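Can you make the complete structure from the sequences, with help from the hints?
Position one of the sequence shown corresponds to residue 43 (the numbering used here), numbered consecutively onward.
There could be a bad hint or two in this list.
Each computed DSBU-like pair below joins lysine-lysine, with the alpha-carbon atoms no more than 30 Å apart [stated by the list, open to error]:
#1 K152 / K140
#2 K116 / K71
#3 K139 / K164
#4 K222 / K128
#5 K140 / K116
#6 K211 / K71
#7 K152 / K223
#8 K71 / K139
#9 K152 / K214
The hints are simulated quantities; they were obtained by calculation from the structure and are not laboratory data. This structure is a prediction, so every number in the text was calculated from the model and none was measured.
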Amino acid sequence: MRVIAGEARSMPLVTPSGQETRPTQDRIKETLFNMIQMEVPGSVFIDTFAGSGGIGIEALSRGAKHAYFIDNGKEPNACILQNLHKTHFEDMATVIKKDVTMGLRSIHEKEVDLVYIDPPYKEGLYEYTLQTLSQLPYITEYTTIICEAILDEDFSFVEALGFNITREKLYKSNKHVFLKKIK
Numbered sequence: 043m044r045v046i047a048g049e050a051r052s053m054p055l056v057t058p059s060g061q062e063t064r065p066t067q068d069r070i071k072e073t074l075f076n077m078i079q080m081e082v083p084g085s086v087f088i089d090t091f092a093g094s095g096g097i098g099i100e101a102l103s104r105g106a107k108h109a110y111f112i113d114n115g116k117e118p119n120a121c122i123l124q125n126l127h128k129t130h131f132e133d134m135a136t137v138i139k140k141d142v143t144m145g146l147r148s149i150h151e152k153e154v155d156l157v158y159i160d161p162p163y164k165e166g167l168y169e170y171t172l173q174t175l176s177q178l179p180y181i182t183e184y185t186t187i188i189c190e191a192i193l194d195e196d197f198s199f200v201e202a203l204g205f206n207i208t209r210e211k212l213y214k215s216n217k218h219v220f221l222k223k224i225k
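In structure tokens, the structure reads:
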């Protein structure tokens, strides 16, 4: 896994061992960042279930002003810290070693621009995470929330939480679902 573009372009990143994390494939990461390229520069970015931190580091490399990395695993957090050091983005990052709900509640920004959610599949964590986000003051109608999920993941529950699906991008075995808070 590597940084695709920007300041840390082509820099290899370390990933946690084992099957618990699934780093986003480079081509999917590149497609995602091509879709959000105008929103990233100067943004505040949250990478939940961050794993190696590859998505948040990509955002920093492409001009995000600050990124929060939330993961409660010991090895993923060690990888995130190592990758931030390697890419020289430590001063622009906050690593939060907590459960996603506690981690999201510990962020005190006026507004967050982008939130990336990529939890372990089939564990019901999308609804759990979006429920928390729906209650936080820094999530506004201008915040873009992106969920990476398997193709058959059902997001019909989001409207009840106050979100609209604004876009979906399908890949071979997974998808990105883009959400905005209903005004």
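Hint-by-hint comparison with the structure:
1. A hinted pair counts as satisfied when its Cα atoms are at most 30 Å apart, and K152 with K140 qualifies at roughly 21 Å.
2. With a C-alpha separation of about 24 Å, the suggested pair K116 and K71 falls inside the 30 Å cut-off, and the hint holds.
3. Under the criterion of a C-alpha separation no larger than 30 Å, the hint pairing K139 with K164 is consistent with the structure, at around 22 Å.
4. The straight-line distance between the Cα atoms of K222 and K128 is roughly 33 Å, outside the 30 Å bound, and the hint therefore fails.
5. Distance hint between K140 and K116 is fulfilled; the C-alpha atoms sit about 10 Å from each other, no more than 30 Å.
6. This hinted pair checks out: K211 and K71 have alpha carbons roughly 12 Å apart, not beyond 30 Å.
7. Among the hinted pairs, K152 with K223 is consistent with the structure: their alpha-carbon atoms are about 16 Å apart, no more than 30 Å.
8. Between the alpha carbons of K71 and K139 the distance comes to roughly 24 Å, so the proposed pair stays at or under 30 Å and holds.
9. Between K152 and K214 the CA atoms are separated by roughly 37 Å; this puts the pair beyond 30 Å, and the hint is violated.
In the structure shown, a violation is registered for the earlier hints numbered 4 and 9, in ascending order.
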